[in-house]
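J.: Sequence:
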Amino acid sequence: MTSTIGIPIKLLNEATLLEAEDNMNCQLRDITVTARDGRVSHLDQVYIRGSHVRYFIVPDMLRNAPMFRARNVRGRGVGLARGRATVNRARGQRGGPRG
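In the UniProt record's numbering, the protein residues as written are 1 to 99.
By construction, these hints were calculated from the structure, which means they are not laboratory data.
Note that the structure is a prediction, hence the values are computed from the model and not measured.
Heads up, a few of these hints could be off.
Stated by the list, open to error - Cβ-Cβ distance ranges computed for the label pairs, FRET-style:
| no. | residue 1 | residue 2 | range |
| --- | --- | --- | --- |
| 1 | R69 | L17 | 12 to 22 angstroms |
| 2 | R69 | R36 | 32 to 42 angstroms |
| 3 | P59 | A35 | 21 to 31 angstroms |
| 4 | R36 | V58 | 16 to 26 angstroms |
| 5 | D37 | M67 | 35 to 45 angstroms |
| 6 | N23 | Q45 | 17 to 27 angstroms |
| 7 | I57 | E21 | 12 to 22 angstroms |
C-beta: ideal position from N, C-alpha, C; glycine also.
Sequences are here, hints too, so could you generate the full structure?
T.: This is how it looks when you write it as structure tokens:
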């Protein structure tokens, strides 16, 4: 899969994405790098920390990929996620016993 990644100093064009993590750390190979002054260079492999990634441009074919389709979540309830402390505060009570 060929993609483009923008980082603060340079623009990586036509790289093959090997791996991408949840925090946007990514490994690339066969990279074409275009500097701000227009110089083009080629790299074999690169690892980019996710905090330095500004954007990804991926192929349009991923738009319809089944792995990115929303899943229907049923039978999970309302999802208020209230803990014991919130319920006790609503009743006017202090925190529960310790220990």
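J.: All hints are to be evaluated individually against the structure, with a verdict given for each.
T.: To see whether the hints hold, each was checked on the structure:
no., hint, in the structure
1, R69 x L17: 12 to 22 angstroms, "20 angstroms, holds"
2, R69 x R36: 32 to 42 angstroms, "38 angstroms, holds"
3, P59 x A35: 21 to 31 angstroms, "24 angstroms, holds"
4, R36 x V58: 16 to 26 angstroms, "23 angstroms, holds"
5, D37 x M67: 35 to 45 angstroms, "38 angstroms, holds"
6, N23 x Q45: 17 to 27 angstroms, "19 angstroms, holds"
7, I57 x E21: 12 to 22 angstroms, "18 angstroms, holds"
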